[in-house]
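Enquirer: Add chain D to chain Y, keeping to what the hints say.
Protein chains in written order, with the numbering used here: chain Y, 1 to 330; chain D, 331 to 812.
Simulated from the structure, these hints should not be mistaken for laboratory data.
Mixed in with the good hints, there may be bad ones.
Derived lysine to aspartate or glutamate pairs resembling EDC-like cross-links, with alpha carbons at most 16 Å apart [claimed, not checked]:
| id | chain 1 | residue 1 | chain 2 | residue 2 |
| --- | --- | --- | --- | --- |
| 1 | D | 756 | D | 611 |
| 2 | D | 599 | D | 576 |
| 3 | D | 479 | Y | 67 |
| 4 | Y | 180 | Y | 210 |
| 5 | D | 629 | D | 755 |
| 6 | D | 616 | D | 597 |
| 7 | Y | 130 | Y | 95 |
| 8 | Y | 118 | Y | 136 |
| 9 | D | 357 | D | 764 |
| 10 | Y | 146 | Y | 179 |
| 11 | Y | 127 | D | 775 |
| 12 | D | 598 | D | 642 |
| 13 | Y | 127 | D | 350 |
| 14 | D | 479 | Y | 63 |
| 15 | D | 629 | D | 611 |
| 16 | Y | 278 | D | 516 |
| 17 | Y | 130 | D | 350 |
| 18 | D | 448 | D | 471 |
| 19 | Y | 68 | D | 482 |
| 20 | D | 357 | D | 775 |
| 21 | D | 598 | D | 620 |
Far from chain D by the CB rule (all over 12 Å, computed), these chain Y residues [unchecked claim]:
| id | residue |
| --- | --- |
| 22 | 6 |
| 23 | 179 |
| 24 | 181 |
| 25 | 209 |
| 26 | 210 |
| 27 | 222 |
| 28 | 223 |
| 29 | 233 |
| 30 | 251 |
| 31 | 266 |
Each residue gets a CB set at the ideal place from its N, CA and C atoms; glycine is no exception.
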Amino acid sequence: MGLTRREFIKLCMTSAAGASLITMLGPELEETLAFAADGKPPVIWLQGASCTGCSISLLNSVEPAIEKVLLDVISLRYHPNISAGQGHLVAEVFDEMAQKYNNQFILVVEGGIPTKEKGVYCTIAEKNNKELTMLEAVTTLGMTAKAVIAAGSCASYGGIPAAAPNPTGVVGVNQVVKDKPVINLSLCPMHPDHFLGTVVYVLKYGKIPELDKFGRPKMFYPEPIHDNCYRRQYFDAGRFAQHIGDEGCLAFLGCKGFVATSDCYKRGWNNNVNWCIKAGAPCQACSEPTFPDQSAPFYGVYPLTNKEKVTYAPVVPNLKIEFPEKKKTS
Amino acid sequence: MAQRIIIDPVTRIEGHLKIEVEVDGGKVIDAKSSGTLFRGLELILNGRDPRDACHIMQRICGVCPIAHGTASMLCLDDAFGVKPPPNGRIVRNLIQGANYLQSHILHFYHLAALDYVKGPDTAPFIPRYEGDYRLPKAINDLAVQHYIKALDIRKKAQEMLAVFGAKMPHVTVFTAGGVTETVTAEKITQFRQYLREITAFVDDVYIPDVLAVAGVYGDDGFSIGTGCKNMLSYGGIRLTDEDDPDGQKQLFRRGRYINGQFLPVDEKKITEEVKYSWFNDSTTGKYPGEGMTEPAPGKKGAYSWLKAPRYEGTPYEVGPLARQIVNKQKEVIDLGEKGFSVLGRHFARALESGQVAHAMSGWLDQLVPGEPAFAPFNVPKEGSGVGLHEAPRGALGHWITVKDYRIGNYQAVVPTTWNGGPRDDKGQRGPIEEALVGSPVKDADNPIELVRIVRAFDPCIACAVHVLEVKGVSKEVKSFRI
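Just chain Y, same shape as in the assembly (with noise of 0.2 Å):
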């Protein structure tokens, strides 16, 4: 008895105050893995313009805990931090992935991909004497990838080094994947639960979920914050925070949650311990392919002085998004 794909959306959709989401899917879990025919489906993790932030996010995993992970859910073949080979056995781990799992692993990107100078500003391995640019490999294992999956919001937009004047061309995974969806999982860094439900969700259902227009998975990204947030009381009763530390909406103090698509407010961060809001840590709206050129500046642009007023910093002047139209693989 497995829960029907409308179950599994409302499980993850379901406000959970205090139990992890997972917390509830560890059955669905352990039934999808004996289900796997092959043994544990293998995961590639590349890292490109990263800072590292979602793997670290990954092994905050709570339930199910992240040694539970690595060991009994996926055959993660290689992850640059965790892995326990290096130089040329790296090369030849590609290599497997594309000729002999052809169509079934599944392809996890970390960091934006440059692609000024065809990408010579990352380079992830070298092989025969020669450089292998993240553009080039996520470009080829991308195409034999069962799914792909954008981890973070560098991965998904470009994120922070794609920032002004995006010194080395950054780009999202879904400019250089073209072929299919690919499944975006912004926030910066990464939620764990929202990883690990996605992958549980396409081991068990053999496609990807339904997406939104800036191709994240509906079922973590509902609906703005501000909606549902922990302080939108204050905001109905027009009480503001003037200053960092009062009690109050942060509207003026800068944060984004209008605009802001995500589920910290029922999710929380590290166990659920806290989040952004609840700390008094304005939005930055770091769910959004905007982050952070217009969540910038991140304390809005309210004078901070009676004499004179602070101006609004400057913020890409094309800032263009183009997401390829995801077709339902319904």
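Expert: Relative to the frame of chain Y, chain D by itself:
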């Protein structure tokens, strides 16, 4: 006949690193290290609201965003002329402490340990370099269990951090003038519960494990990876609200150690040299606050995107070993010459974790619930600031210039530039390169000795190569990389 070994990528470090060595007669005779990713974050900061700097700069590194956030906050505090209230300073310290613990535990168990411990024969533990794994089966099995346990503990260290930090990686509570989070009795208790469990792990598992590895590998581990033996610490984690221009009232004091002498640090004596880096020779030898970055891709003889920072023209090692020696920590000083080694670095890091964990308990007692953790400030029209700090990996400095309420210039000199930089103008090797020279290599196909040496420095290459400018770089770069 000399043989060339290239390891690319070096995994289980932060970022993209390539190592090339020349081996003759089973020993390394020459070594070069290069980073292989460039992002240009300082360019991105130009013209932005200065208040945003501590958030963008955190994204330099997801393993230690706290270190960059802190150095950036200190530099903004300095530029804005604001001083956080005691609660603000202490909450920042607790966040830093939590990150030290998660970073050090992550480094030993998940980044470095697999060079000594044989994991189960399954991904991600295979493929691996084969060879010299000499832990007895009982200790090895225990270490694999601890690898798993440490995953849980470092995760809890991040949860502990989030109690005051909102989320980790990339905390959003950081701001000039303090932190946005408020201090409540409930939060103090929650933090303390986490801290108890993590402290017990450090005392009862982490430090004994390092000693166990040291016991088995013994002199083979204490004799390789000597390095330059000069030690530098900017000092970090402020223990008082008083002014502290010399950096002595900090958990880690400012200072340096060279030829057996303990000396003070004057940050103005730091220069960056570029003879072996892809930058114009005319920019060599500048103080980082006045540094210029004029790339010269394809420059003859150059082989790295990192500059070579020097103090009075001398290379210095930074990191836990440097901090422990500058702090005159008895256990490390007593090691004598043996301290300058792969195991010496792991030992210093473990010892330091214990010091931080125990100190944090005292900081919690100093918090006053209900008191503010933030002091309001004005962004000045013009100004400049310096933030010197100790990241888990070593000395970290940020410099800012504010111009017309915006960021006019921003510079960061990071630990791995000190440790992983190339030769300087006089041809002196960087600390990691120096540490590699002389190392035995038993099997060129499985050069496990070399990666042990590199990893003991805990290199963080995303940090080290963010500082470069990119204009005019052509694709010829490839042919010049090593």
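Enquirer: Determine for every hint whether it applies to the structure shown.
Expert: Against the structure, the hints come out as follows:
1. 756(D) - 611(D): The hint holds at about 13 Å.
2. 599(D) - 576(D): holds (15 Å)
3. 479(D) - 67(Y): holds (8 Å)
4. 180(Y) - 210(Y): holds (14 Å)
5. 629(D) - 755(D): holds (14 Å)
6. 616(D) - 597(D): holds (12 Å)
7. 130(Y) - 95(Y): holds (14 Å)
8. 118(Y) - 136(Y): At roughly 9 Å apart (the allowed maximum being 16 Å), residue 136(Y) and residue 118(Y) satisfy the hint.
9. 357(D) - 764(D): holds (13 Å)
10. 146(Y) - 179(Y): holds (12 Å)
11. 127(Y) - 775(D): Judged against 16 Å, a Cα distance of about 14 Å means the pair holds.
12. 598(D) - 642(D): Distance of about 10 Å is within 16 Å: holds.
13. 127(Y) - 350(D): holds (14 Å)
14. 479(D) - 63(Y): Given pair residue 479(D), residue 63(Y) holds - Cα atoms ~15 Å apart, limit 16 Å.
15. 629(D) - 611(D): At roughly 9 Å apart (the allowed maximum being 16 Å), residue 611(D) and residue 629(D) satisfy the hint.
16. 278(Y) - 516(D): holds (14 Å)
17. 130(Y) - 350(D): Within the cut-off at roughly 14 Å; holds.
18. 448(D) - 471(D): holds (9 Å)
19. 68(Y) - 482(D): holds (11 Å)
20. 357(D) - 775(D): holds (14 Å)
21. 598(D) - 620(D): At roughly 10 Å apart (the allowed maximum being 16 Å), residue 620(D) and residue 598(D) satisfy the hint.
22. 6: Residue 6(Y) is indeed farther than 12 Å from all Cβ atoms of chain D, at 31 Å.
23. 179: holds (26 Å)
24. 181: holds (26 Å)
25. 209: holds (24 Å)
26. 210: holds (26 Å)
27. 222: Per Cβ check, residue 222(Y) is outside 12 Å of chain D; nearest 19 Å; holds.
28. 223: Residue 223(Y) is indeed farther than 12 Å from all Cβ atoms of chain D, at 20 Å.
29. 233: holds (18 Å)
30. 251: holds (14 Å)
31. 266: holds (14 Å)
The structure shown violates none of the earlier numbered hints.
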